[in-house]
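Novice: Each chain, letter by letter, is given below.
Number of protein chains: 6
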Amino acid sequence: MNLLIVNPNITPGVTTLIEAEACRVAHADTHIEMATAASGVAYIETRFEALLGAYAAATIAGERYGRYDALMVAAFGDPGLLELREVLDVPVVGMTEAALMTAGQMGQRIGIIAISRRITAWYRECVDRYGMLGRLAGIRHLDRPLRDPSTVQQDHGARLVELSREAVEQDGADVLILAGAPLAGLARGVAGELSVPVVDGVSSAVCQAETLARLKPIQPTAGSFAKPPAKPRVGLPESGIGRLLAR
Amino acid sequence: MNLLIVNPNITPGVTTLIEAEACRVAHADTHIEMATAASGVAYIETRFEALLGAYAAATIAGERYGRYDALMVAAFGDPGLLELREVLDVPVVGMTEAALMTAGQMGQRIGIIAISRRITAWYRECVDRYGMLGRLAGIRHLDRPLRDPSTVQQDHGARLVELSREAVEQDGADVLILAGAPLAGLARGVAGELSVPVVDGVSSAVCQAETLARLKPIQPTAGSFAKPPAKPRVGLPESGIGRLLAR
Amino acid sequence: MNLLIVNPNITPGVTTLIEAEACRVAHADTHIEMATAASGVAYIETRFEALLGAYAAATIAGERYGRYDALMVAAFGDPGLLELREVLDVPVVGMTEAALMTAGQMGQRIGIIAISRRITAWYRECVDRYGMLGRLAGIRHLDRPLRDPSTVQQDHGARLVELSREAVEQDGADVLILAGAPLAGLARGVAGELSVPVVDGVSSAVCQAETLARLKPIQPTAGSFAKPPAKPRVGLPESGIGRLLAR
Amino acid sequence: MNLLIVNPNITPGVTTLIEAEACRVAHADTHIEMATAASGVAYIETRFEALLGAYAAATIAGERYGRYDALMVAAFGDPGLLELREVLDVPVVGMTEAALMTAGQMGQRIGIIAISRRITAWYRECVDRYGMLGRLAGIRHLDRPLRDPSTVQQDHGARLVELSREAVEQDGADVLILAGAPLAGLARGVAGELSVPVVDGVSSAVCQAETLARLKPIQPTAGSFAKPPAKPRVGLPESGIGRLLAR
Amino acid sequence: MNLLIVNPNITPGVTTLIEAEACRVAHADTHIEMATAASGVAYIETRFEALLGAYAAATIAGERYGRYDALMVAAFGDPGLLELREVLDVPVVGMTEAALMTAGQMGQRIGIIAISRRITAWYRECVDRYGMLGRLAGIRHLDRPLRDPSTVQQDHGARLVELSREAVEQDGADVLILAGAPLAGLARGVAGELSVPVVDGVSSAVCQAETLARLKPIQPTAGSFAKPPAKPRVGLPESGIGRLLAR
Amino acid sequence: MNLLIVNPNITPGVTTLIEAEACRVAHADTHIEMATAASGVAYIETRFEALLGAYAAATIAGERYGRYDALMVAAFGDPGLLELREVLDVPVVGMTEAALMTAGQMGQRIGIIAISRRITAWYRECVDRYGMLGRLAGIRHLDRPLRDPSTVQQDHGARLVELSREAVEQDGADVLILAGAPLAGLARGVAGELSVPVVDGVSSAVCQAETLARLKPIQPTAGSFAKPPAKPRVGLPESGIGRLLAR
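Residue numbers (UniProt numbering), protein chains in the order written: chain C, 1 to 247; chain H, 1 to 247; chain F, 1 to 247; chain Y, 1 to 247; chain R, 1 to 247; chain B, 1 to 247.
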């Protein structure tokens, strides 16, 4: 299948990190195509930035419509995920949702490790939207300015491991998620230093996309993920975001 | 004060309804300015449509930045409300949030009356985002296609009253919200036919905006509603949405 | 309108603090009348003391019945608020409820600063009664004996600011409430020292009372805030608390 | 031990019903003393009426202070229960709390049968205050005016059994509580007609009072049930309610 | 990989149904081995029956220890799932957990269709254990005696489709789970008759087992899924259940 | 009545501790019979160990069926409690459930003191199963290896008191439960050193068993605690666990 992975921020270096991890885990017959947001910010930490990312991701989803069998929103916090699930007729997965659903099968209480203090409120609301707040052991975070989202792993690797250990020892986490696209692939590298399983959002989302594609769920014509009712619209390019509302 | 009221859907007839109700309730020294989304759909019922509305509202907020003392997002479901609250340095209110916070001071259990079945999932998630799901008695809704969002009140007035009564008698609502901008002003008209208080999103939001403006809260420099950290951005018009991230 | 503000504790100095803040925020056409409990304790920290305050407030509400257009219960914890809302045919507001509903429109997670350790359990239950526990970032409190409820602001001002900062930095509060009538007006004074908005219970409640009065909700004849069913009663002075049950 | 049972409403016929059931279940060495509120209403259905009942119960608790080893608040909804628990140095039990804690050991989901529609909101809030809302299968209620609270069992016995059956079949209750002092003793009579265990508030509370008395818990000097801090008070008869605050 | 699928009830016909569905969905390199409980009941509907099933599943897990790379507990309700996850050093999946985590990526509110009324309480508690009760739209169930668990699909197919439709139309489900091993494979057959995606526990669990195996999480040495601390034990066959505690 | 107390772990020294405390509190006409698990582990700390304990307890319940009027599962965490409640026609109580329901009548927020870090996850899930997580102030625990479960009180008494104090001062507990059968009787000894009531699981459960026996609830024939529907079974000794399913 063709899996379109959309990085909703504008940093190509992060897209590269995501692609590398996605390719490591994908099945042989999964063809991965990457896209980077044409508008937005360098990395997403807040609700407003997520709105920009969601809009950019929807634009890409419209532009490439018909050329993918599944789509992954590749930012933790899942900007646009539920929104796109309403209008696309292929499976749509997100890093947070996929990581939670995967981690939830490894342990009862889930710890999240994040790249900044500011990002934690948005993550917490995202976990809440999925009804999984009761499973959250806590969110721990880096607390220094980020030089470059593409090099967070190198710049802050040791501290991220330390935070992971605190999440286990002080928050009672059974399983950890290293959150945020800038951390794509890190779980693989640090697993040996930790005492509980570590989940990566990108590889979780690739696997879950493959699972959804394999199970071939029908597209809903009822419920809250059926395509929105037809109605007048303006100002939405038919070659882009508008195409998602066409019938 | 200057209150900018943004209708995030594209239907001028709905903007007119909103304006009429806003003017009926506003203080003499509140100057109301209306805006209608330049892109989007005729009325918002789903998460994806709300994303379009949020983006359009943010665009207007950027374009008119500096010309208003408070901003109201005038669609039930509050598209873009929390997002704009992060980037604006004036109070931002929404119809759902304001209606819930107002109704919550009239009764413990709140019933919502909605204009379509499809819209209810989005409303429910919105109530949940504000942590008020425990106060929700239920959401009842019209179940017939809407001819025109501007004439829902005339077309379906009797049925809306009937749904309101069911919310009291069967769901145990202490207070009702007639939800959705297309119902702006209806509460005033039907109050006499009902046995519990009825709250209107537009008039609630005008009053709450005036209250916030009067209390003059400082703009946060910490917490999750401080302005997002400065970082590279592209593709965001500085005359519009990009201006909201400028410093 | 005539707004009757009832201090449910017996300390006139606190009544004075409340009045001062109320007058600073009230509209020109709001006439404020103050009342102090004729029985009860110096300040309310516990459930039992709140029962005494609620009864005293109800007595005043009965004695002055017909002479006010709205009533404010002016103790954080809202003794008697929901009870009076059942029997009065004018809007009734409370400091906790009004502060929560106002603060909730400034940020998602709300921190409360309290004047004693003992008071926190009662506050927490009050927040819970309004279904807002999920919005509570935490309650921080002074931990030294109070010399006099009227001088808490002078005696403990610096510590209250320090607690406020901890609520933001350690509990993740987006917005703060300085709780308790003895702190009336303090928010105004310390706002400049803090990094998030600070809400005052008295000024919130005055604004919310004015809003409710302006919206003119009908008095319920159904739901749990309709007047209690007529039934035999004894021992309730018709010139006071008993008048509230008369028809 | 001496168990003081306080009926917080003013109807002696209900006191008689309570006493009869209490005597049927009490141990031989439990001496039961009854008291009826000197002020208040014929039966309690609302928050305001419960405030009156709580005050009346506290008055009795003060007047007879020193003459009982445990106290039962004998109205479903437990007016004054948590309040009195703060100030008394003997165990205090309530019909709702005791019934829930007892029924909770017979089944997971608890159905409540109530005597009027109006009373259900107050009951629901009471269950919520004890954190047991997640265990509540539902509340079903009579829907006709009550002639006399003392004769509800005779007047509406068949309907109460019918409601009980619906609670099992439609709400999924594992166990039932026949709620309200006017139903004291009914569980005994109708158990044979029902398919799940039926719990009576009075007999539950007698047993729980005996249990608490037997376990001899120390009186707290910390936590939220320690005696309130000493402070000035006025208008509280030292021979009655004021005695509860004396040291 | 070798996937051991354990049917915790004693009915070989159900094992056959499970195997058929598992083989339809499994990857080519997944080798499936089936096992049926040697003790227990014909189908599991209650907590006590689930205890028997959990014990039987653990016995099989011990007897075949070392011969599988992942284990699936193949009864909805997941008897023994969390328990086995503590003691096995390979991934362990369950039908309910896997179905919920999969369905949760297709829609927000999940409806469950069950084979008997009695089974629903156990299912509900299972959903609750995973913290997903807030996502549950409802559980609908057959209400007639089951002739034979192996033929439920043939005997009650039309009614199951009808219940599915009610779950969408009346409970607001976005996605459905046909629950219970006796319904294995049915989703495939009836998808075309329904308006929302339908999830099957067996195929979900096979895919999730493959995902977990592919992600190769480390085995925890901390948290609540580390192997239990070494301690004396008796009466647990070392060739069976006792082997799971050996080190 | 005859009360069968089942220790689901294999350590006779713990059985002795339980018996001593049970006898101290039981009524004169309660005859206590003790049983110790014939298979399982030295003390139960995890979900898997609890499964072993539940099975062993059920086996004893079957073997001695007909010889007891009530049964107590005497391990904190209540292994097998809800399961046995389905199949026995006499009251069944558990140490956690009884302690929570008893403590819940002494204070609003309950602190639990546990004997190991590992055990806390299981306890927390048990509290959650009873819907009482909202009442939990926290769980504090010993953090050193246990020499012998029978001597925890002597070995760690001072530390347990220290943890109890922290639960009051730092977690805000109103009441404490000293959890785990190895701590049976300790509450009695340390009450004088603490500032809030302390509840013991064994004595609570004895009292609650006596209460249930006295109230004589009918055995359910509906709801989720009716006896499981008759169905084929194999491998369950009719002289033991199988007898519980016989009719």
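These aren't lab readings, by the way, just hints derived from the structure by calculation. All C-beta atoms, glycine included, are put in the ideal place defined by N, C-alpha and C. Treat the hints loosely; a few may be bogus.
Listed below are the simulated EDC-like cross-link pairs for lysine to aspartate or glutamate, each with C-alpha atoms no more than 16 Å apart in a straight line [what the hints assert, rightly or not]: (1) R/K227 with R/E33; (2) B/K216 with Y/E193; (3) C/K216 with R/E193; (4) C/K216 with C/D69; (5) F/K216 with H/D69; (6) R/K216 with R/D69; (7) H/K216 with H/E125; (8) H/K227 with H/D29; (9) Y/K231 with F/E193; (10) C/K216 with C/D89; (11) H/K231 with C/E193; (12) F/K227 with F/D89; (13) F/K231 with Y/D148; (14) C/K231 with H/D148; (15) Y/K216 with B/E193; (16) H/K216 with F/D69; (17) B/K216 with B/E33; (18) B/K231 with R/D69; (19) F/K216 with F/E125; (20) Y/K216 with Y/E63; (21) Y/K216 with Y/D89; (22) H/K216 with H/D69; (23) B/K216 with B/D69; (24) R/K231 with B/D148; (25) C/K227 with C/E125; (26) R/K216 with C/E193.
Label pairs and their calculated CB-CB ranges [stated by the list, open to error]: (27) H/Q219 with C/Q219: 24 to 30 Å; (28) R/E166 with C/Q154: 43 to 49 Å; (29) F/D148 with Y/Q154: 55 to 61 Å; (30) H/R247 with C/P232: 24 to 30 Å.
Novice: Look at each hint and say if it fits the structure.
Specialist: Structure-based check of each hint:
no.	hint	verdict
1	R/K227 with R/E33	25 Å, violated
2	B/K216 with Y/E193	15 Å, holds
3	C/K216 with R/E193	15 Å, holds
4	C/K216 with C/D69	11 Å, holds
5	F/K216 with H/D69	26 Å, violated
6	R/K216 with R/D69	11 Å, holds
7	H/K216 with H/E125	30 Å, violated
8	H/K227 with H/D29	29 Å, violated
9	Y/K231 with F/E193	32 Å, violated
10	C/K216 with C/D89	11 Å, holds
11	H/K231 with C/E193	33 Å, violated
12	F/K227 with F/D89	9 Å, holds
13	F/K231 with Y/D148	10 Å, holds
14	C/K231 with H/D148	10 Å, holds
15	Y/K216 with B/E193	15 Å, holds
16	H/K216 with F/D69	26 Å, violated
17	B/K216 with B/E33	20 Å, violated
18	B/K231 with R/D69	33 Å, violated
19	F/K216 with F/E125	30 Å, violated
20	Y/K216 with Y/E63	24 Å, violated
21	Y/K216 with Y/D89	11 Å, holds
22	H/K216 with H/D69	11 Å, holds
23	B/K216 with B/D69	11 Å, holds
24	R/K231 with B/D148	10 Å, holds
25	C/K227 with C/E125	25 Å, violated
26	R/K216 with C/E193	15 Å, holds
27	H/Q219 with C/Q219: 24 to 30 Å	45 Å, violated
28	R/E166 with C/Q154: 43 to 49 Å	55 Å, violated
29	F/D148 with Y/Q154: 55 to 61 Å	58 Å, holds
30	H/R247 with C/P232: 24 to 30 Å	38 Å, violated
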